[in-house]
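Enquirer: What follows is each chain in one-letter form.
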Amino acid sequence: MRMIIVAGTPGSGKTAVLIHALKSLKKRGLKSSVVKIDCLYTDDGKKFEKIGIPTKVGLSMDMCPDHFAIYNLEDMIEWADENDSECLVVETAGLCHRCAPYTVNSLGVCVIDATSGPNTPLKVGPFLSTADIAVITKGDMISQAEREIFRERVLEVNPNCKVIDANGLSGQGCMELAEEIYKSQEVSLEEEKLRHSAPLAVCTLCVGETKVNKKHHRGILRKIDGFQTYEGE
Amino acid sequence: MIIDKVTVIGGYNKQEEKEPVEEVVIKRGEIVGVVGPTGSGKSSLIGDIEQLAQEDTFSKRRILVNDEKPSYDDRTNPRKKMVAQLSQNMNFLADMSVGDFLSLHAKCRGASSKCVDAVIKLANTLTGEPIKKDHELTILSGGQSRALMVADVAIISNSPIVLIDEIENAGIRKHDALKVLSGHGKIVMVVTHDPVLALMTDRRIVMKSGGMEKVVSTTDAEKSLSIKLSKIDDLLLSLRDKVRNGEVIEDIEMGGIGI
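So the sequence lines, in the order shown, correspond to chains A and B. Under numbering that gives the first Met the number 0, the first residue of the first sequence carries the number 0, and numbering increases by one thereafter. Under numbering that gives the first Met the number 0, the first residue of the second sequence carries the number 0, and numbering increases by one thereafter.
I should point out that these hints are in silico values taken from the structure, not numbers from a laboratory. The reader is advised that the hints may include incorrect statements.
[Said to hold, decoys possible] Using 25 Å as the maximum straight-line C-alpha spacing, the simulated PhoX-like pairs for lysine-lysine come out as follows:
| hint | chain 1 | residue 1 | chain 2 | residue 2 |
| --- | --- | --- | --- | --- |
| 1 | A | K46 | B | K59 |
| 2 | B | K131 | B | K113 |
| 3 | B | K131 | A | K22 |
| 4 | B | K131 | B | K59 |
Only a predicted model underlies this, so the values are computations on that prediction, with no experimental measurement involved.
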């Protein structure tokens, strides 16, 4: 089973780009299954079903969608196996940009929107810096100079990635992405590891505390001055 | 790399029918116009050329350079880019100063950061209120942005193929801008609604519902008309400047135009 993990900022065009790529893979005879992970709502599942690809939707609700995706990976692969698929595509809605949901042997695809400004690649962290492929979307909405600067910034953050300029409307660049998916390797989850550790999230807020006053918080707490303390037993 | 010719191999129009023009070959030193009503696909055509499309855009056109399919690196690496494009999208989203933006772009294109001052100087010959190095990009007016991009394309993105999208809309001196952009031996494509510019080209591609409908060569009669049109245009520009500067127009002198 090939495993493709697609991350990106909300509204960057992950689904649109994937639909074009998966259509062209289908024509080449590669069977895929898609799992779409979102937080509260998505109707992207219908869009994938429309092009005849088995689709499952997972809503993580009040949980970090990347964490949710990671410990459901095994079930997803099993399900894709049942569909006789050769390729599992997991699309996640990473929120804090601190996670990178890619595993070592999966194909990690980061979709990033060029209209978000040339400083964005510097801000988004490991989901870009540890990706195999950076897909830059919406380049047609800005000037050539801005597009080139954006690309340069992406390569500053991740010099080894392959950059694909894509257009979710016309499908430009999506064949290139399809080709990379086709060439990607088989993954077995037995010894598989994440490329980047998931962020620290062990505090009272994580388990539902809503009071903001300092005295209510326990766990690993980091202060704005950089000091970190552990409050509690 | 010397580019002797660019070939546009026709694809499909908006109705998914084959476009009437199957192939257009543009040679070194030629200026080609792209004309047609709004929504007829002019910007998409030059977009295809900018991306050196390989049947991977809406139109399914293919672009060959010197009769060959360009490599993936040629298509995407800005240091190797053969195409400079002045698009209509000039709303800067970059939150930085003019100077920083230009030196970043110079770095991308492998040009010296010394050219930053030259770009600003050139831009200021095309626009009214001067642009300064420490201005934030986001506060520039439409005309200033456009002038800055013209100068950027001319100096930093100095490429053998130049694509220009509706330069007349910018409120800048279009003849000067066109002169700055279309250097010696370049392949230039100008999208335009302006008859003055259209008749200055050698040929023009006529677009209709997303497809290349036909290619019209500029006739000798049109070329001499073009000179008259330029005079009318100069007259209008001088009037525009007068109005801009708060003057009152008393009369217009039509004698020199010979109409």
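Enquirer: Each hint needs a verdict: does it hold in this structure or not?
Expert: Hints, verified against the model:
Under the criterion of a C-alpha separation no larger than 25 Å, the hint pairing K46 of chain A with K59 of chain B is consistent with the structure, at around 23 Å. With a C-alpha separation of about 16 Å, the suggested pairing of K131 of chain B with K113 of chain B holds against the 25 Å cut-off. Note on K131 of chain B and K22 of chain A: the hinted pairing is violated, with a Cα-Cα distance of about 49 Å set against a maximum of 25 Å. At roughly 42 Å between alpha-carbon atoms, K131 of chain B and K59 of chain B are farther apart than 25 Å, so this suggested pair is violated.
In summary, the numbered hints that this structure violates are 3, 4.
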